[in-house]
Amino acid sequence: MNEKELIARLQSRDEAAFEELIRLYEKKVYTLCVRMCGNTEDAEEAAQDAFLALWRGIDRFRQESSLSTWIYRLAANACIDLLRRRKKSAGSISLDDEELFVDAQDPSPQPHELAEQRETQRALREGLMSLPPEYRSILILREIEGLSYSEIAAAQELELGTVKSRISRGRTLLRNFLSVSGNFFENAASKVTECNREGMSAK
Amino acid sequence: MKCCEKYTAALSAFADGELNETERDALLEHLEHCEGCREHLSELMILHTMFEELPELDAPQGFSERVLDRMHAEGRAKKRHRRAWPRVLAACFALVLISAAAWKLLPVRGNDCAASDDIGNAGAAPSGIAAAPAPDEDSYSYTYTTVQKDSAQEDEEDKKADSYSAEAGDRSADTAGDYAIIALDTPDAAEFLSARGMAVYDETEDYVSYLVVPEAARELAELPDVPETERAALREASDLLIVEVAKAAADETAESAEEPGVEEEVNG
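Residue numbers (our numbering), protein chains in the order written: chain A, 1 to 203; chain B, 1 to 268.
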């Protein structure tokens, strides 16, 4: 069944189509929500909210964007709403969720590799949670879900220029966090500065 | 070595393959002689590989079933709400009128107990239940403001439905539930609630539901056959709630009320 058929069936309130849609997108939506919320319990609630929002709003879906872009948008909104409701801070991430960041499918890595992988994933998870939700969601859509800038602009209802600057700003913030917390990058402070004019003129 | 601020966003977009040809050429030219920006670009790549190491996660077991359960629950609540809405409006409007009438009547005919009793007890209270007091201004103005709030929500929903504003529309999830619903199959409940003048909220083949003020809910809790869980919920009521009385139970009450009369006739 193609996307148009699926949408048509959803708009005629076909529950089997809704179930199919959930199965198609649940991994992506749930992953996005775990990365956004930082714990599995909130992630499931937000993911459920996103699918229900889709079911409630399917009549108003005018197919200006793809169904997947819309789902990402609903998921990101559901997470931001939930985070606001809970007023959760970065410090409230449950350590129980740590195993979620190690790929179970990875072909038996050596213990030291596994430890490194865990360390990287922990740092990245904490770094993501340290970002304001608006930056976090945009980075997740780009880096984890692989959306293009125009898809993100549609999903987040932002100008293309804003998407570009937020992704860049989010990455700089994340890079600075990781350099402080995990020795991943050279300096603690942002290395971004005004352009070196000498360098510019040297041709 | 430091990266140039004016190129930061371009470097990030370049790493994502989001620059047009002109922008890319300009950046490549700059990168040729700016070590700081080359280093920043490599950091962006490292960051990207870190993200790539994050696995996609399986949704928890039973996830889709739980979404469908919530969908069905919302569907039921909405249906009930939509069907009952005109009836609730009419009932509340009537209550406001009665309330206004009572408020005008009482000070003038303050000594006329019969007048206030008539308003308070639309029918005879079942034996063993304290006679209901006359409605006071508070309980009904309470009803009225709650309905106003509800009506505003409804308007809001309609507004959202008019335009494609999925973001706003989808955020109404938490306000979807209107009132707490308590289901009872206690025979006396329907009679008691009618006797207390509670508005019928909805009626189907299976049940009659009433819109109940907290004061009446607390009295209802004291009926003999109310199960413990419902009794506790009724006692704790602090807002308007809906009490759903199973139709079979309501009919039983009617039948059992008629039976003695029939017997009397036969005996007489």
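These aren't lab readings, by the way, just hints derived from the structure by calculation.
From the three backbone atoms N, C-alpha and C, an ideal C-beta is built for every residue, glycine too.
Misleading hints may appear alongside valid ones.
Said to hold, decoys possible - When the alpha-carbon atoms are kept at most 20 Å apart in a straight line, the in silico DMTMM-like pairs for lysine to aspartate or glutamate are as follows:
#	chain 1	residue 1	chain 2	residue 2
1	A	Lys28	B	Glu205
2	A	Lys27	B	Glu53
3	A	Lys27	B	Glu52
To be verified - Residues from chain A shown here face chain B by an in silico Cβ test under 7 Å; the list is partial:
#	residue
4	Arg9
5	Glu19
6	Tyr30
7	Arg118
8	Tyr149
To be verified - Some, not all, of what chain B presents toward chain A, calculated at C-beta under 10 Å:
#	residue
9	Leu44
10	Tyr207
11	Val208
12	Pro214
Hints and how they fare:
1. Lys28(A) with Glu205(B): violated (44 Å)
2. Lys27(A) with Glu53(B): holds (16 Å)
3. Lys27(A) with Glu52(B): Roughly 16 Å separates the two Cα atoms, so the pair holds.
4. Arg9: violated (15 Å)
5. Glu19: Hint holds; glutamate 19(A) Cβ to chain B Cβ min 6 Å, cut 7 Å.
6. Tyr30: Since the shortest Cβ distance to chain B is 4 Å, the answer is holds.
7. Arg118: violated (10 Å)
8. Tyr149: holds (5 Å)
9. Leu44: Cβ of leucine 44(B) sits 6 Å from chain A, so the hint holds.
10. Tyr207: Since chain A brings no Cβ nearer than about 25 Å to tyrosine 207(B), farther than 10 Å, the hint is violated.
11. Val208: This hint is violated: valine 208(B) lies away from chain A, its Cβ roughly 29 Å from the closest one there, beyond 10 Å.
12. Pro214: violated (26 Å)
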